[in-house]
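Novice: For reference, the chains in residue letters:
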Amino acid sequence: MDNRSGSLADTLERVLDKGVVIVGDIAVCVVDIELLTLRVRLFIASAQTAREMGMDWWTNDPFFTPKAVERADETNELARQNAALRDRVAELERTVRRTAEEERR
Amino acid sequence: MSRGLYAYAITRDQPVDLAGPWLIGHRGLALVVAEVELARFAGLEFEEPSEDSPLAVLARYHDAVVRSVFRHAPVLPLRFGTVLDSVDAAVRLLSARHEEVSAWLSRVEGRQEWGVKVRAAQREPAHLDDVSGTAYLTLRRQRLVDADLARRAAATLHQALRDRADESVCRDLTRDLLLEGAYLVDAGHEEEFHAELGRLTAELGLSVEITGPWPPYSFTKVEFADA
Chain A
60 MDNRSGSLAD
70 TLERVLDKGV
80 VIVGDIAVCV
90 VDIELLTLRV
100 RLFIASAQTA
110 REMGMDWWTN
120 DPFFTPKAVE
130 RADETNELAR
140 QNAALRDRVA
150 ELERTVRRTA
160 EEERR
Chain B
46 MSRGLYAYAI
56 TRDQPVDLAG
66 PWLIGHRGLA
76 LVVAEVELAR
86 FAGLEFEEPS
96 EDSPLAVLAR
106 YHDAVVRSVF
116 RHAPVLPLRF
126 GTVLDSVDAA
136 VRLLSARHEE
146 VSAWLSRVEG
156 RQEWGVKVRA
166 AQREPAHLDD
176 VSGTAYLTLR
186 RQRLVDADLA
196 RRAAATLHQA
206 LRDRADESVC
216 RDLTRDLLLE
226 GAYLVDAGHE
236 EEFHAELGRL
246 TAELGLSVEI
256 TGPWPPYSFT
266 KVEFADA
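Protein chains in written order, with this note's numbering: chain A, 60 to 164; chain B, 46 to 272.
Hint data in this document are derived by calculation from the structure and do not stem from the laboratory.
This one's a predicted model, so the numbers in the text were calculated from it and none came from an experiment.
C-beta: ideal position from N, C-alpha, C; glycine also.
Keep in mind that the hints are not guaranteed to be accurate.
[To be verified] Counterexamples of contact, computed for chain B against chain A with all Cβ distances above 12 angstroms:
{"id": "1", "residue": "Arg72"}
{"id": "2", "residue": "Arg124"}
{"id": "3", "residue": "Ala200"}
{"id": "4", "residue": "Asp217"}
{"id": "5", "residue": "Ala227"}
{"id": "6", "residue": "Ala240"}
[To be verified] What follows is a set of in silico ranges between Cβ atoms, one per label pair, in the way DEER data are often shown:
{"id": "7", "chain 1": "B", "residue 1": "Arg244", "chain 2": "A", "residue 2": "Arg139", "range": "52 to 60 angstroms"}
{"id": "8", "chain 1": "B", "residue 1": "Ala84", "chain 2": "A", "residue 2": "Ala138", "range": "34 to 42 angstroms"}
{"id": "9", "chain 1": "B", "residue 1": "Leu173", "chain 2": "A", "residue 2": "Leu94", "range": "18 to 26 angstroms"}
{"id": "10", "chain 1": "A", "residue 1": "Arg139", "chain 2": "B", "residue 2": "Gly257", "range": "36 to 44 angstroms"}
{"id": "11", "chain 1": "A", "residue 1": "Ala142", "chain 2": "B", "residue 2": "Leu173", "range": "34 to 42 angstroms"}
{"id": "12", "chain 1": "A", "residue 1": "Arg139", "chain 2": "B", "residue 2": "Ala240", "range": "54 to 62 angstroms"}
{"id": "13", "chain 1": "B", "residue 1": "Asp174", "chain 2": "A", "residue 2": "Asp91", "range": "34 to 42 angstroms"}
{"id": "14", "chain 1": "A", "residue 1": "Asp91", "chain 2": "B", "residue 2": "Gly73", "range": "32 to 40 angstroms"}
{"id": "15", "chain 1": "A", "residue 1": "Asp146", "chain 2": "B", "residue 2": "Leu194", "range": "27 to 35 angstroms"}
{"id": "16", "chain 1": "B", "residue 1": "Glu241", "chain 2": "A", "residue 2": "Gly65", "range": "32 to 40 angstroms"}
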């Protein structure tokens with residue numbers, strides 16, 4: 060067998076989506092080829108391939124993805140809220156512990 | 046549903062050693078087939094494209110059989126998952142479509158498919174914090190100009206490659222792709238095709254990914270019926 064073969068995405072795209080189709084009574088349908096092809100197309104069309112190759116630069120670039128700025132803001136805001144809540148929980152725990160100690164006495 | 050006759054490709058009827066699959070010949074044409082367990086094809090899923098998924102293994106094998114035939118003779122790859130009713134059905138098909146199949150085989154004979162992808166150049170993310178409004182607009186304009194130049198360069202490349210190929214097809218482009226073309230190139234023009242590809246890639250400063258040679262998958266989109 061030939062070892063010179065393409066990447067899996069390239070091979071799947073060709074094998075599943077290209078080539079001669081045999082129709083009529085002589086062929087038996089064993090694979091839901093349309094569904095598979097659709098999924099392969101979606102996979103290739105989605106930026107997933109590129110992302111796997113480390114080419115997701117645009118997702119964090121505010122120039123191409125205006126939401127990137129918002130996302131960064133959101134993350135900061137969440138971190139701030141998280142810190143504030145931690146402080147409150149610690150404060151409440153201290154109060155509960157103090158009350159329990161006073162009751163024991 | 047137990048075993049069936051899986052068909053890989055159509056070729057000319059001539060001896061080919063395939064270690065498994067065999068040829069059903071009829072009047073100079075042949076179908077490359079193998080008996081398979083049909084259960085292997087039922088319920089195939091496309092999840093993550095990993096090499097060891099059942100779909101990937103079967104697709105790779107399909108491609109490997111097609112390539113083995115392709116090294117010796119012109120080939121029309123069949124769509125993945127083609128299972129024939131019987132040996133009789135295979136003969137009926139070759140008989141009913143003899144002229145059409147012969148013409149398609151002549152069309153791809155001595156030719157290989159090459160895939161060419163051009164991706165948009167990667168750019169550093171812009172740091173907009175300390176950028177003035179004017180600087181931002183300048184930057185934005187520059188990027189739009191760059192993007193337009195890259196698109197034109199990709200179109201120039203496609204034009205040049207198309208002129209050196211017997212046939213070509215372009216796929217729909219996804220976000221970071223500027224060109225995804227397949228070119229059916231005659232053995233006699235292959236050197237010229239690749240020389241031009243190398244020259245233009247350097248000259249236009251494009252980031253190009255070349256795949257191939259492939260059997261003529263992208264140039265055999267046709268339906269055959271037995272009647």
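Novice: Now tell me if each hint is right for this structure.
Specialist: Evaluation of the provided hints:
no., hint, in the structure
1, Arg72, "17 angstroms, holds"
2, Arg124, "5 angstroms, violated"
3, Ala200, "21 angstroms, holds"
4, Asp217, "8 angstroms, violated"
5, Ala227, "9 angstroms, violated"
6, Ala240, "21 angstroms, holds"
7, Arg244(B) x Arg139(A): 52 to 60 angstroms, "56 angstroms, holds"
8, Ala84(B) x Ala138(A): 34 to 42 angstroms, "52 angstroms, violated"
9, Leu173(B) x Leu94(A): 18 to 26 angstroms, "43 angstroms, violated"
10, Arg139(A) x Gly257(B): 36 to 44 angstroms, "54 angstroms, violated"
11, Ala142(A) x Leu173(B): 34 to 42 angstroms, "26 angstroms, violated"
12, Arg139(A) x Ala240(B): 54 to 62 angstroms, "60 angstroms, holds"
13, Asp174(B) x Asp91(A): 34 to 42 angstroms, "51 angstroms, violated"
14, Asp91(A) x Gly73(B): 32 to 40 angstroms, "34 angstroms, holds"
15, Asp146(A) x Leu194(B): 27 to 35 angstroms, "54 angstroms, violated"
16, Glu241(B) x Gly65(A): 32 to 40 angstroms, "22 angstroms, violated"
When held up to the earlier numbered hints, the structure conflicts with 2, 4, 5, 8, 9, 10, 11, 13, 15 and 16 and fits the remainder.
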